[in-house]
Amino acid sequence: DGGITQSPKYLFRKEGQNVTLSCEQNLNHDAMYWYRQDPGQGLRLIYYSQIVNDFQKGDIAEGYSVSREKKESFPLTVTSAQKNPTAFYLCASSLRATGDYEQYFGPGTRLTVT
Amino acid sequence: QKEVEQNSGPLSVPEGAIASLNCTYSDRGSQSFFWYRQYSGKSPELIMFIYSNGDKEDGRFTAQLNKASQYVSLLIRDSQPSDSATYLCAVHPLPFGNEKLTFGTGTRLTIIP
Chain A
1 DGGITQSPKY LFRKEGQNVT LSCEQNLNHD AMYWYRQDPG QGLRLIYYSQ
51 IVNDFQKGDI AEGYSVSREK KESFPLTVTS AQKNPTAFYL CASSLRATGD
101 YEQYFGPGTR LTVT
Chain B
1 QKEVEQNSGP LSVPEGAIAS LNCTYSDRGS QSFFWYRQYS GKSPELIMFI
51 YSNGDKEDGR FTAQLNKASQ YVSLLIRDSQ PSDSATYLCA VHPLPFGNEK
101 LTFGTGTRLT IIP
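These protein sequence lines are chains A and B, in that order.
Per our numbering, the first sequence starts with residue 1, numbered consecutively.
Per our numbering, the second sequence starts with residue 1, numbered consecutively.
Only chain A is shown next, with the shape it has when bound in the complex (with noise of 0.2 Å):
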């Protein structure tokens, strides 16, 4: 069955310190992304891997950071520098980086940072 997982569905953390959020795909999809949801905003890219070993920053990836050692697995990890951690984040991807390519997303974590 193939799809997009993340885990956990709900992490609630305390200010300073740093949380890894995992995403893991098994579609064979070259490129995924990390985007953040506040109410009423629209999708937010915090960071984006186009192939291993290889990422780009998005808009906001200020007080973020990732990796991506394997082709299914881009985790996201929200630092202490991140003002306001608090949101829904997303995890997508695509075949390809590119814009003909569709991107299919997550079940989302829902951060709660007191």
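Just so you know, these hints were derived from the structure itself, not from any lab.
These numbers were taken from a predicted model, which means no experiment stands behind them.
The beta-carbon is built from N, C-alpha and C at its ideal position, and this holds for glycine as well.
One should not assume that every hint holds.
Label pairs and their computed distance ranges (CB to CB) [claimed, not checked]:
id	chain 1	residue 1	chain 2	residue 2	range
1	A	N18	B	R77	34 to 40 Å
2	A	Q56	B	K42	45 to 51 Å
3	A	T112	B	S12	30 to 36 Å
4	B	S26	A	R96	21 to 27 Å
5	A	G3	B	S20	30 to 36 Å
6	A	Q56	B	D58	39 to 45 Å
7	A	R96	B	E3	40 to 46 Å
8	A	I60	B	R77	35 to 41 Å
9	B	K56	A	T86	34 to 40 Å
10	B	P14	A	A61	41 to 47 Å
11	B	E15	A	G16	46 to 52 Å
Counterexamples of contact, computed for chain A against chain B with all Cβ distances above 10 Å [what the hints assert, rightly or not]:
id	residue
12	R13
13	L27
14	E72
Use these hints to put chain B onto chain A, whose structure you have.
The following block gives chain B in isolation, referenced to the frame of chain A:
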């Protein structure tokens, strides 16, 4: 700044009627257009994509693209209560290259039984 604009709604449509959702974009060179449906608390689900001017139909959904006027719309025929959701429009500026999808803020659609 590339922008994608949608009316935030809520848009209320009686059950069985046609729901019409609109999206305008600022980058005239945009080539690929996507509609996602997002239920409350869930992740976006791709329902339609369109690359060429004109209409594209898939079941009860029709996407319409007018590049000259820089708008893309989504029609939902025979609206059902299960269509109640937020619909996100996304635009990709180029078919090839490292450009990124830009999302609108979404239109909240409510189907009234």
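Results of checking the hints against the structure:
no.: 1; hint: N18/A <-> R77/B: 34 to 40 Å; verdict: violated (48 Å)
no.: 2; hint: Q56/A <-> K42/B: 45 to 51 Å; verdict: violated (27 Å)
no.: 3; hint: T112/A <-> S12/B: 30 to 36 Å; verdict: holds (32 Å)
no.: 4; hint: S26/B <-> R96/A: 21 to 27 Å; verdict: holds (25 Å)
no.: 5; hint: G3/A <-> S20/B: 30 to 36 Å; verdict: holds (31 Å)
no.: 6; hint: Q56/A <-> D58/B: 39 to 45 Å; verdict: violated (32 Å)
no.: 7; hint: R96/A <-> E3/B: 40 to 46 Å; verdict: violated (25 Å)
no.: 8; hint: I60/A <-> R77/B: 35 to 41 Å; verdict: holds (37 Å)
no.: 9; hint: K56/B <-> T86/A: 34 to 40 Å; verdict: holds (38 Å)
no.: 10; hint: P14/B <-> A61/A: 41 to 47 Å; verdict: holds (44 Å)
no.: 11; hint: E15/B <-> G16/A: 46 to 52 Å; verdict: holds (50 Å)
no.: 12; hint: R13; verdict: holds (20 Å)
no.: 13; hint: L27; verdict: holds (13 Å)
no.: 14; hint: E72; verdict: holds (18 Å)
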